[in-house]
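Under mature numbering (1 follows the signal peptide of the UniProt record, and there is no 0), the residues of the sequence shown are numbered -30 to -1, 1 to 258, in order.
Treat the hints with care, since some could be wrong.
Derived SDA-like pairs (lysine to any residue); straight-line CA-CA distance at most 20 Å [stated by the list, open to error]: (1) Lys121 x Asp5; (2) Lys185 x Ser125; (3) Lys115 x Asp105; (4) Lys115 x Leu86; (5) Lys185 x Asp137; (6) Lys185 x Ser108; (7) Lys115 x Glu172; (8) Lys120 x Lys16; (9) Lys120 x Gly189; (10) Lys16 x Gly84; (11) Lys115 x Asn145; (12) Lys115 x Ser52; (13) Lys115 x Ala199; (14) Lys185 x Gly111; (15) Lys16 x Leu86; (16) Lys115 x Asp5; (17) Lys16 x Asp105; (18) Lys121 x Thr179; (19) Lys16 x Ser108; (20) Lys115 x Gln174; (21) Lys185 x Gly84; (22) Lys121 x Lys16.
Hints listed in this document are in silico derivations from the structure and should not be mistaken for laboratory results. Keep in mind the model is a prediction, meaning the values are calculated, not measured.
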Amino acid sequence: MPMAKLRNIIKTLSIFFFLIAATAPSLSSATSATDTFVFGGCSQQKFSPASAYESNLNSLLTSLVNSATYSSYNNFTIMGSSSSDTARGLFQCRGDLSMPDCATCVARAVSQVGPLCPFTCGGALQLAGCYIKYDNISFLGQEDKTVVLKKCGSSEGYNTDGISRRDAVLTELVNGGGYFRAGGSGDVQGMGQCVGDLTVSECQDCLGTAIGRLKNDCGTAVFGDMFLAKCYARYSTDGAQHYAKSHNYKTNYGGERTFAIIIGLLAAVVLLIIFLLFLRGVCSRGGK
């Protein structure tokens, strides 16, 4: 095969591959959904660098990241020689995340909480897709309905139909059961979740409190978030808060992985075709 023809084939395949790759969605846009910062907090107590607690805390955080590859919730206690050196912590992923997405979110949360809370014994970080918390003070298995974050959107004015559908969605969350609950009615979406160290009855009590406060405090707002220390509830009307539509996260991540596999296969096929064409050209010249 003439080299000019071979170069034209290679050029055509390269253009085709470039066009396919150019249609790929941005990885940063796909990952940003679960990475969105919601809130963070740190304790007042500090630990010394290279101390026993720092070593135990590092072990704890490593355990959280490793465990998130196969579980959406877990807690650990790394015992120290004294109570003040004992590191306790947990992670909680949003209930609709796949395991790979959960692991990615927890790893990002762990990487961010250190700079947020340098040398503090306790820290907590809530991203849109996951939550982590650690401390040297016992908090595991304890119900806590302290308001950590309340956020209400702008008021859309009194609308009987809209408020009725919002209240119906929130009532559905209260009656839903389970640690993760999601539902919707038309353009109104709702979501609620408890931290996994609560009992079923404690979870129900916590979500009932969060949803009750959400209705009262946010009134006719287009969206509302109510994060208590051990649970949260949130609602949104269409377009008010993008994170309210939880299925978007899974679709983006799943599509990104599938597209990456397709691109990899296409690249392999293109390289194989180029190699075979090259061998054909060499063999043709050798047979003359």
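Okay, the hints, checked on the actual structure:
With a C-alpha separation of about 18 Å, the suggested pair Lys121 and Asp5 falls inside the 20 Å cut-off, and the hint holds. Restraint check for Lys185 and Ser125: the C-alpha separation of about 13 Å stays at or below 20 Å, so the hint holds. Note on Lys115 and Asp105: the hinted pairing holds, with a Cα-Cα distance of about 18 Å set against a maximum of 20 Å. A C-alpha spacing of about 24 Å is found between Lys115 and Leu86, which places the hinted pair above 20 Å, so the restraint is violated.
As the CA atoms of Lys185 and Asp137 are separated by approximately 8 Å, the hinted pair is consistent with the 20 Å bound. Only pairs whose Cα atoms come within 20 Å are accepted, and Lys185 paired with Ser108 is rejected, the gap being roughly 32 Å. Straight-line distance between C-alpha atoms of Lys115 and Glu172 comes to about 10 Å, which keeps the hinted pair within the 20 Å bound. Taking the CA atoms of Lys120 and Lys16, the gap is near 27 Å; set against the 20 Å cutoff, the hint is violated.
For the given pair, Lys120 sits about 13 Å from Gly189 by alpha-carbon distance, which is consistent with the 20 Å threshold. Using a Cα cut-off of 20 Å, the hinted pair Lys16 and Gly84 holds, with the two alpha carbons roughly 13 Å apart. Under the criterion of a C-alpha separation no larger than 20 Å, the hint pairing Lys115 with Asn145 is consistent with the structure, at around 19 Å. At most 20 Å may separate the alpha-carbon atoms for a hinted pair to count; Lys115 and Ser52 exceed this at roughly 29 Å.
Taking the CA atoms of Lys115 and Ala199, the gap is about 6 Å. The hint holds against a cut of 20 Å. Using a Cα cut-off of 20 Å, the hinted pair Lys185 and Gly111 is violated, with the two alpha carbons roughly 27 Å apart. A distance of roughly 13 Å separates the Cα atoms of Lys16 and Leu86; the hinted pair therefore holds under the 20 Å criterion. Annotation: proposed proximity of Lys115 to Asp5 is violated, straight-line Cα distance about 25 Å (limit 20 Å).
With a C-alpha separation of about 11 Å, the suggested pair Lys16 and Asp105 falls inside the 20 Å cut-off, and the hint holds. Simply put, Lys121 and Thr179 have alpha-carbon atoms about 16 Å apart, close enough for the 20 Å limit, and the pair holds. Pair hint Lys16 plus Ser108 holds up; C-alpha atoms about 16 Å apart against a cutoff of 20 Å. Taken as a hint, the Lys115 and Gln174 pair is honoured in the structure, with Cα atoms around 12 Å apart against an allowance of 20 Å.
At most 20 Å may separate the alpha-carbon atoms for a hinted pair to count; Lys185 and Gly84 exceed this at roughly 35 Å. Simply put, Lys121 and Lys16 have alpha-carbon atoms about 30 Å apart, too far for the 20 Å limit, and the pair is violated.
Hints 4, 6, 8, 12, 14, 16, 21, 22, counting from the list given before, are not met by this structure.
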